[in-house]
Each structure stands twice: as C-alpha cells, then as structure tokens.
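Residue numbers (our numbering), protein chains in the order written: chain A, 246 to 517; chain B, 2 to 243.
In case anyone wonders, no lab produced these hints; they're calculated from the structure.
Take the hints with a grain of salt, since some may be wrong.
As the list claims (entries may be wrong) - Label pairs and their calculated CB-CB ranges: (1) A:300 / B:194: 14 to 22 angstroms; (2) A:459 / B:157: 33 to 41 angstroms; (3) B:156 / A:341: 55 to 63 angstroms; (4) B:124 / A:342: 15 to 23 angstroms; (5) B:110 / A:446: 55 to 63 angstroms; (6) B:40 / A:432: 48 to 56 angstroms; (7) A:459 / B:99: 42 to 50 angstroms; (8) A:361 / B:71: 29 to 37 angstroms.
As the list claims (entries may be wrong) - EDC-like mimics (lysine to aspartate or glutamate), calculated; alpha carbons at most 16 angstroms apart, straight line: (9) B:158 / B:143; (10) B:158 / A:355; (11) A:307 / B:143; (12) B:95 / B:78.
Don't be surprised by glycine CBs; every beta carbon is placed ideally from N, CA and C.
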Amino acid sequence: MYKVRWSLALLVGLVAACGAPSTAIAPSGAPLADGAGLNVRSIATIAAQLLTPIELRGLITKPFTLVRSESGESRARQVLVGSNGVEALRVESALDGSLRLVVKSGVALESAALSESAAIARALRQLMRLGLEIPGGGPAVRGAAGRTLVVWTREVRGVPVPGDGTRVVLNGAGDLVGLAIEESPLATPPARLARGDAALRAATALMPNGAIVDGTSELAWVLPTGAAGELLDQRTSRRLAWCVSGVLRDGAAFELQLDAGNLALLGWDGAP
Amino acid sequence: MVGAVLLAAAITLAPPAESATVFANRTAFAEPCTGTINTFPDRLAREARTAFAALGWEVGGAVGPGFTRRAMVDGADAAVFYVHSHGDLYWDSKSDARVGGFRADAGLCLGAPIVLPSEIAAMRRGVPPASLVYISSCHNGERASRLSSAFGIAQRKVQGAGEPDSFYVSYVGTAWQGAALRFERAFWRGILDGAPAGAAFDRALLVAFDPEHLAPEWWGGYGHMPHGPSAELPDLGGRRYV
C-alpha cells in the first residue's frame, strides 16, 4: 500500500510538472523536475553534449511525459523536435534519474564500416561523454543496416540476461545514433537447480517427432514467453531458465526455455 | 465500345490500391507442428495490422490457413504489405537462381507453397512502388533476395535529396521470432510516434533484442512517412520555439 501511495504521489507531481512550460534549449545542469521528486538530467544538457550548434538551432522542446518502456519500466521522456515537427533527440530516464535511452534521429548514413576495435572505442567515448558507467566485460559488436551495434550483455552470477545491459548504436563514421541501458528485475532463483542433462531430457519429451535437440543446455535469465515483446503494464521479472535449442523436422531452429528449478516450460522461440 | 476502352484504360492507369495487407503463417508454428503453443505469428500480425490501421490504411489479408498463395498473390498490389512466415533464398527455375521468397500457410506444417518474387512482380506490373513493405522472415533482407525489387523498391538506402517514397524491411540470415517481435513492436511504435521510417528503424535497433538472433535490414527512403492517403498530420501540440 505504501508503494501505491508513493507512486500516486509521484504521478500527481509529475503531471503537475508536465503542465509547466517547457524549458528553452540551453545547456543547464539544473534538474528537470526536482519539485516533483524527480531528478533527471535535462535534455538541454544532453543535447548540448551531443549536437552541434547548427543542429541545435531551431529545436523545440516538447513537454516531458511519463511513459512505459518496452520492458515495462516507468520513465520520464524528453523530446526535442525540429521546426518541421520531426523528432531530433529523445531522452528517457528511470524515475531514480538514471539515464536509460538517448536516440538521435536522422543520423547520416555513412558507407564506411567501423572495425570492431574502433567501434568499441567510439562507444566507450560516447558513454564517458555522458558520464555513464562503463560496463564490465567485452562487448559484442554486430553490424545491422549500415549501423554498428556495440552490446554489453548484463550478467548476474555469471549467467547472461539476454537483452539487458548497455547497447550503443553508431553510424559508419562512428557517430552516435543512440544508446540504451536496460536492467530488468530478476526473480529469486530456485533453491535447487535442476541438472542440465535433466533439462535436455525434459526438452526432448516436449518436442514433436522428428525434432532434434542439441546436446547442450545453457542457463540464462529469460522473460516468460507470455511477457516477451508485449507492452507490459508492469515490469515482469526474468526467471532463471535452462535454454535448450534444436531443429524441427523442416530444419527450422527452436529454443525451449525451462524453469531452472522444476523444468516447467517458461517459453519458446523459433526461427522462421 | 470507346467507353469500354476508356474504362479499361482508366482501370489500368488507376493509382495504387489505397490498401494494406497483412499475412501471417500460423500453422507452421502451431502446437501440432512444433510441440509447443506459439502465439508469435498472431502477435506479430496484430502489431502490423494495428499500425497500418492507425496510419490510415484499410487493412486486409489473413492469418492462418486463409493465407494461401493465391490470396497472397491477389493482395500483392497493395500499397502497404506485411508478411510473417518462413523465408529463404528459394530456387526460381524460371530465372535459374536463388531469389528469395516465403511460404504461405495453407494449413500445412511442412511443404506449404512458396511465393516467389517473380509472382509478386507479375501481379504488380504497372503498379507504382509500394509505400511500405515488411517481410518478417529469414533471409529476405539479403542482397540475393529479389523481393524488394518485386515491390518496386531498389536495394539502396537514400537519405536527403532524391529519397524514394518507399521503405522495405526484412532480415538477414536466421531471424528469431522473439527478437523480431521486440524489434517490430518498437519499429511500429516509432512510426506511430511520427518518426520517419528510417528513424523508427534506428530507434528499434536500441530495444532489447538479441543481435545474434536478428539482423534487420532496410532499403528505400530514410525519411519516408508511410501514412495512408486519409491520414492526418501529427499533432505538435505543446511545442515551444526557442
């Protein structure tokens, strides 16, 4: 009940703050909505760090809004739009002030491709520029549609949390397209873990005739399928699961996610 | 007689169908075929249908066994098109090459009919390039796939001057449904927020999909806004000039 009251008070405060006039674009270290109990970084400050004076010219602040992220987290969203109404910069912060998302629109397409080491160096530079924590471990670097994704996957107790962590997207010249930081809540792990070979047997029993289960199972923190990809009303905790992959009779790949304790089916994923 | 000829000419020269179609293969991913309940095709199709309708398009198509090869080819002249199914660089004996394409549903676990780019191109002959095409399948984001050109969209990315009024999205290599749902959902949200298609794509790259499970690709005009003919312009209420 205390949490509900606190959330309502926060919401009322936030709505009141939303009604106030938006701020002009000028670098400022002032918190955005301190009076509403929020202390998020102003988009003006971030814009001044990321955009050139020419890019800043003519930008318009929209009143900030309270939104839910794709992962169900409550966030304060701030947006800058050009005079043509097209969004130029979006910033989202968790309600504790942590920066969660920065995304620029219209970042130039560059034909050059970054080397892996150059991409990591540019991504680290962008994180430091915004005063963000440098994630531990080595990131994965992937190309997609002329952009480069540098991804540090979060790990908890040595087990990956797929989709969580820090992601930086760059263009071919190494300029920032956007960055995102995700940290999902995790359910309490089972007191007793089932063995990996028991997970393989359970997966084999679930699959139809002709399917082939790979000989390995791996632990991961997963979202139950019912919650994966849905717009969530509230944050759903990830659960520790044994992930078992294989191929169906037609050659299509699949992955089963089984509760790491009781091996109940948590989720299914397939590749068309 | 002259009237009939003029009418026929008018029909031939008519503007593109102001419609959208959404097809999704449900059967091949359903419990009898995979052993587990899989709601991804319905959810993916629902996201696309909702987005197209909100953009001002009239939406047709089918999810499940009604997604036949015939129904799909008949609907291929739509201005806006979405399909979720198995895709591959299927062999086209007419062109003696691997050309891309996807399977219909047709109520079959295995061996459902394949829709080839050449069939779509034939159906679209004389029709202007599509506004938005989303092929949610494996492999049709690869250069070897001829699907984008079947819809009149060249395999190039254009930003700024000379942008085509078209946008094509698909995936390179194997595309997993869980990752696709996250990416597509974010893409549609971006479009509905008023972002141009290229910016919505960039934004979707930032959601929590596993890049080892999905490699999205696009071609067309970065700044293209795939609104339907009757759509209203975005409301910029609350803006403040500085």
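Practice prompt. Check each numbered hint against the structure and report the violated ones by number, ascending.
Written response: 3, 4, 5, 6, 7, 8, 11 and 12
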